[in-house]
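Student: If you want the building blocks of each chain, they are given just below.
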Amino acid sequence: MTLRSGAEILIKELELLGVTHIFGYPGGAAINIFDALYDSPIELILARHEQGATHMADGYARASGKLGVVLVTSGPGALNTVTGLLTAKMDSVPLLVISGQTNSGNLGKDAFQEADVFGVTLPLVKHSRLILSVDDIAPSVRRAYQIATSLRPGPVVLDLPKDISAAKIDYVPSSLAKEDAAVAADLSPQQILACQKIASLIMASQRPLLLVGHGTMISGASPEVARLAETLQSPVTNTLLGKGGFPEQHPLSLGMLGMHGNAYANYATTRCDLILSIGSRFDDRINGCNERFCSLAKKLHIDIDPGEIGRVVQPDAAVCADAKVALREILRHVGPLPTVEWLRELREYRESHPLRCDSAYSAAGTPGVGLPVRAAQVLQSMYEAAPREAVVTTDVGQHQMWAAQFMLTKAPRTWLSSGGAGTMGFGLPAAIGVQFARPEATVIAVVGDGGFQMVQAELATAAIHRLPIKILIIDNQCLGMVRQWQELFYHNRLSSVLLEGNPDFLALGAAYGIKGFYIEQQDQMQAMLQEALAYDAGPCLIHARVISEDNVWPMIPAGRSAEDIVLSPPAVALPMPTGST
Amino acid sequence: MMTKVTGSPFLNVREQLFSLHLSVRRELGIIARVAIIFSRRGLDIASFSLEEAGQKEFSRITLRFHGNSAQLDSVCRDLVKLVDVERLTVDEWNESDISSQFDYGQRALT
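Chains as they are written, first to last, in the working numbering: chain H, 1 to 581; chain R, 582 to 691.
Since the hints were derived computationally from the structure, they do not count as laboratory data. Built from N, CA and C at the ideal position, the CB exists for glycine as well. Errors might be hidden in some of the hints.
Said to hold, decoys possible - Below, computed lysine to aspartate or glutamate pairings styled on DMTMM-like, alpha-carbon distance capped at 20 angstroms: (1) H:Lys89 x R:Asp665; (2) H:Lys89 x R:Asp659; (3) R:Lys637 x H:Asp136.
Claimed, not checked - Selected chain H positions facing chain R (in silico; Cβ < 8 angstroms): (4) Phe118; (5) Gly119; (6) Leu122; (7) Pro123; (8) His127; (9) Leu130; (10) Ile147; (11) Gly307; (12) Arg311.
Build the full structure now, drawing on both the sequences and the hints.
Tutor: Okay, structure coming up:
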């Protein structure tokens with residue numbers, strides 16, 4: 001008779017599933033679980049806020065493809081993971097959040113640190129479960145793992161009352177059935193027909209466009225996308241989360257499209273006669289205006305989630321399948337397309353409408369020496385100085401868009417950004433999670449002064465573990481993206497966007513024992529960034545003070561289509577956007 | 582294995598009374614999961630019932646709501662994503678009778 005407590009069973013099951021890291025924060029309701037962890041080879045990384053822990057697990061999952069696991073206590077601890085759950089749900093990240101809960105007999109009595117975690121998280125999860133018996137723990141953990149990681153990944157919450165975690169039963173761990181995250185390697189006859197229809201529409205095209213989304217990364221379809229692009233000689237564009245699905249440095253890559261994508265990628269959508277979305281859900285940041293998106297084109301869609309096909313855009317042909325598997329089938333039926341003219345047209349447009357990173361005050365005086373920097377210049381320099389395979393995480397705001405534009409991504413899972421939720425505070429903890437997942441990688445967190453301050457306590461986590469992450473703070477002393485909208489659409493009535501009282505970030509870092517570098521002028525950039533990249537004794541902070549009055553261009557105002565793209569500061573006031581946010 | 586969700590054949594935008602039938606796994610909170618799909622969209626549920634249906638493991642939810650075809654399409658897509666929803670069918674309610682019925686999606690048990 002091997003009597004094991006619920007907590008021990010939980011930890012043992014996680015070990016069997018191959019979990020090596022859990023990000024969390026303890027508390028009374030979860031104390032039994034933390035006690036069981038004491039004897040486990042699983043490493044618990046103690047964050048400084050549960051939101052930080054959730055974003056760390058998220059970054060870990062995005063960088064590795066494995067399940068990210070969070071362990072928190074009841075009440076406020078669990079509810080502090082809510083924002084991280086939304087972040088993971090919107091971007092289809094496999095996450096498991098385990099929260100302690102008050103004793104099962106206390107449920108509904110407003111017990112100490114009791115919160116209806118199940119109720120609160122209902123709309124934020126792929127699935128969730130309140131565990132009410134010890135026998136339920138092992139099957140719930142396995143099912144949670146399977147649900148979180150299979151098909152379209154997403155977060156799962158397990159709520160475990162304290163008495164259940166203490167109760168003991170006779171438990172012998174059974175070996176795992178090999179059905180976790182199994183993707184059907186074979187297509188059904190209907191799926192094969194759908195792929196053939198897609199292929200036949202592709203072969204009738206002369207101005208094709210491949211749209212690479214996050215699903216490309218999740219299914220590991222980058223090699224197939226590259227083969228397809230090169231076979232067809234088709235240009236490729238990517239969404240924010242699709243960065244890295246196809247190397248942005250490749251001659252066929254147009255880079256990012258959408259609201260702040262570059263002009264030539266958006267131009268391609270207005271002129272293509274066929275667009276094939278590979279794991280992109282046609283989000284409103286990409287479409288602008290649904291009715292006018294890709295108005296000349298046949299629309300094709302490969303997506304593993306049947307709920308996404310036809311939800312926003314009515315496809316002319318679609319297949320609900322894993323992208324890698326579907327592309328392999330499609331590749332059997334396609335060959336080169338006559339795209340010479342199309343590629344020439346795009347190349348000419350690109351040359352006349354390049355994405356430029358102008359130096360501040362470049363018209364006046366000697367460029368470079370003693371002049372202030374623009375954010376985009378710092379990011380361009382960071383891109384040039386960093387190794388090509390560096391993993392970049394971003395926070396949310398103007399810096400995120402400039403980073404997306406100027407830090408080109410070569411490989412899958414090397415660009416992490418909160419897309420669907422746009423969660424400020426994501427960048428730093430995600431970078432911490434990435435470094436745990438990939439200890440050998442160069443990890444750069446690009447954050448703004450706003451988002452950084454929401455999670456700055458996690459500097460401690462980075463410092464304790466001596467993670468050599470480079471934290472690049474793009475400090476424009478304001479909430480730049482909102483300031484941009486207030487300037488463009490609200491007659492420059494700047495309401496609550498000026499960040500007064502920012503700390504001296506390097507002194508703050510020094511308080512945690514973190515090395516700092518400072519950039520305020522253009523001629524400091526290269527040297528500082530190279531020194532920071534070479535520093536690997538622990539984390540380092542690069543405080544880049546940049547000019548505030550700076551806007552992200554191009555811009556397609558919300559609700560408008562790519563034809564209405566604004567390439568440069570407009571002479572007349574722009575009308576209020578019809579779309580949201 | 583997945584089933585493709587068929588597109589909605591309801592193309593107009595006039596408001597109708599739709600009748601949805603779900604076959605669901607009898608798990609804690611299933612009513613809440615279904616109900617919030619409507620409340621988050623500001624849709625009012627006109628009637629809702631949950632009853633055992635033969636097999637003990639599965640139950641049947643019948644609900645009616647007023648909405649247009651676009652709203653129906655939107656809720657149905659979310660409903661079939663729920664892990665505990667096994668099958669969803671939709672009736673269009675007419676003065677005359679149930680005029681059309683189509684199968685919005687059947688999830689194969691994973």
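Student: Please write out, lowest number first, the hints stated earlier that are contradicted by the structure.
Tutor: none
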